[in-house]
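Using the sequences provided together with the hints, build the complete structure.
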Amino acid sequence: MTPLLRIAAVTGQEFRIARRNRWAVLATVLMTVFALALALFAIGQVGQTRTDTLTLTAASLATLAVYLIPLLALLISYDALAGEIDRGTLALALATPLGRAELFLGKLVAQCLVVGLAILTAFAASVLLVAATTGVTGPGLLAWLRLGLTSLALGAVFAALGLLISVGARRTGTAAALAVGVWLVFVVLYDVALLGAVIAAGDSGFTTDIFPWLVLANPADAFRLYNLVQLDGAPVAGIDGLARTLPVPPAAALVPLALWAVAALAGGLALIRRLVP
Amino acid sequence: MTMLDVRDLTVRFGGFTALDGLSLSVAPGETLALLGHNGAGKSTFFRSVLGFLKPAAGQLSIGGHLPGSAAARGLVSYLPENVVFHRALTGLEVLSFFARLRGEPVSVVMPLLEKVGVAHAARRPVGTWSKGMRQRLGLAQALIGAPGLLLLDEPTSGLDPVSRRDFYALIAEVAGRGAAVVLSSHGLEEVENRTDRVAILSAGRLVAQGPLAALAEAAALRAQIRVTARAGQADALQTRFGGTRFNGTALELSCDMKLKFDLVRRIAADEGVADIEVRLPSLNDVYRFYSDNGGRS
Chain A
1 MTPLLRIAAV TGQEFRIARR NRWAVLATVL MTVFALALAL FAIGQVGQTR
51 TDTLTLTAAS LATLAVYLIP LLALLISYDA LAGEIDRGTL ALALATPLGR
101 AELFLGKLVA QCLVVGLAIL TAFAASVLLV AATTGVTGPG LLAWLRLGLT
151 SLALGAVFAA LGLLISVGAR RTGTAAALAV GVWLVFVVLY DVALLGAVIA
201 AGDSGFTTDI FPWLVLANPA DAFRLYNLVQ LDGAPVAGID GLARTLPVPP
251 AAALVPLALW AVAALAGGLA LIRRLVP
Chain B
1 MTMLDVRDLT VRFGGFTALD GLSLSVAPGE TLALLGHNGA GKSTFFRSVL
51 GFLKPAAGQL SIGGHLPGSA AARGLVSYLP ENVVFHRALT GLEVLSFFAR
101 LRGEPVSVVM PLLEKVGVAH AARRPVGTWS KGMRQRLGLA QALIGAPGLL
151 LLDEPTSGLD PVSRRDFYAL IAEVAGRGAA VVLSSHGLEE VENRTDRVAI
201 LSAGRLVAQG PLAALAEAAA LRAQIRVTAR AGQADALQTR FGGTRFNGTA
251 LELSCDMKLK FDLVRRIAAD EGVADIEVRL PSLNDVYRFY SDNGGRS
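Keeping their order, the protein sequence lines are chains A and B.
The numbers in the first sequence follow full-length UniProt numbering, run straight up by one, and end at 277.
The numbers in the second sequence follow full-length UniProt numbering, run straight up by one, and end at 297.
Derived from the structure by calculation, the hints contain no laboratory data.
From the structure, some residues in chain A lie toward chain B, with a derived Cβ separation under 10 Å:
#1 R16
#2 I17
#3 R20
#4 D86
#5 A93
#6 T96
#7 V276
Far from chain A by the CB rule (all over 10 Å, computed), these chain B residues:
#8 E114
#9 A121
#10 G243
#11 E252
If we take Cβ atoms under 10 Å as the criterion, some of the chain A residues that face chain B in the derived model are:
#12 L5
#13 V10
#14 Q13
#15 G83
Note that beta-carbon positions come from the ideal geometry of N, C-alpha and C, so glycine has one too.
Here is the structure:
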């Protein structure tokens, strides 16, 4: 019981700090503005496609979320432990009965809460907007729910990665640089490099046998593919063309997300156990 | 019984030996001051007791438990040097957090803030507090619950003399309730009459340990006497009293404390003397005797 109380204490304090720093508000406002804008854009296209408005919004939101959610999650988490090491408060906290895993988990829960609240608010606002204007359908709502839940998972993966960076870097400046690097690699450079490789490889075995697995290995790409592959009639481009020829059932795309979450958590816990405050 | 028992503690960072065969113990209700220059090993000692650093050799026990174990962390309270609480949090929030971590009810927080004299600012962000107020908050944090062993790393740096006096009064109160206290400091003058024992660290080695008066006596430092001669009398004075010449017209003598008064009387009676200045060894001299020379004169 007492470990849970201590985790709750850490979560409460971390959430309070996120609120004071305006991170929580910034993340929520940013997500909501984008979600509403995409919903309005989809409402404007009514009659031009056979796809319903909510499905269309979900498709464009999946593409946006893959950039925005990892960024927000990393921004909220990269300083959580490095900052405490810098300020000397980590030594103080670890001198109390608080366990190291408890500290890590408490912070992770708080960061997932902040990202989760932003996602929840944004998604609820846009679905209400669509419902009030063009109405919603069953398949549309299902796509929406899928997107919402996997968005939470994506946020959790990158919050855990951010904390891993934070404890590994030990300094705020280093952690910030690493967080930006991780975001660039996972969200931008990885796809660019893969596309380049596909173009260079042409019709060889790489494109059909190796490329799809490499795409799925990236948690951000796995998230996007999982959502797009199930949206019939949604426009796809670039690397997402793979969505139509995925070698595995769509649900399998969730496996890399789960694996990354477990790996980030295990890595972070191993690092914080070895940390000398 | 002892609350903190340290035997032959050696801590190394790579090839550098930060603590070298240190042994000491502190009983409940006792206050020990750990003195030493920057880099003498004071903070390393605290971090070893907390279980953050793994010793290369030696044993540590906190109330019979291993450092860093759950039982030991339940007993220990720590105030690090230069702790900076999050600017955006209020004093009340900071202290409530640490009370929760220690499993104490949040109701203990306000009385503690009152006790250290910062209750009036409890609901303001710590970022707006003065340095002295933040140091008091750190001390309040260390007083949560009923700690068995208080580890305070340079707790009075940045405090004005009045705050310092209040601070030592609080420490005395906590020790009076049975806590063992180890605090580090830069000088002997500050801890005079305020701690039961002092331990002096020099380059990772414990060079002296005991009550301050005993250390001063064991150092057997000599009194310094400066004699200024009348014009043309300096040479004659040196022949009579010995000592070394200083500035042509003055003599510097040193003598055993017990013989000092006799010598002063003889000098004062001499016609060739214009002035006498007597300097007795200060606590600072005692500290430097141990710290700089390792107790060898």
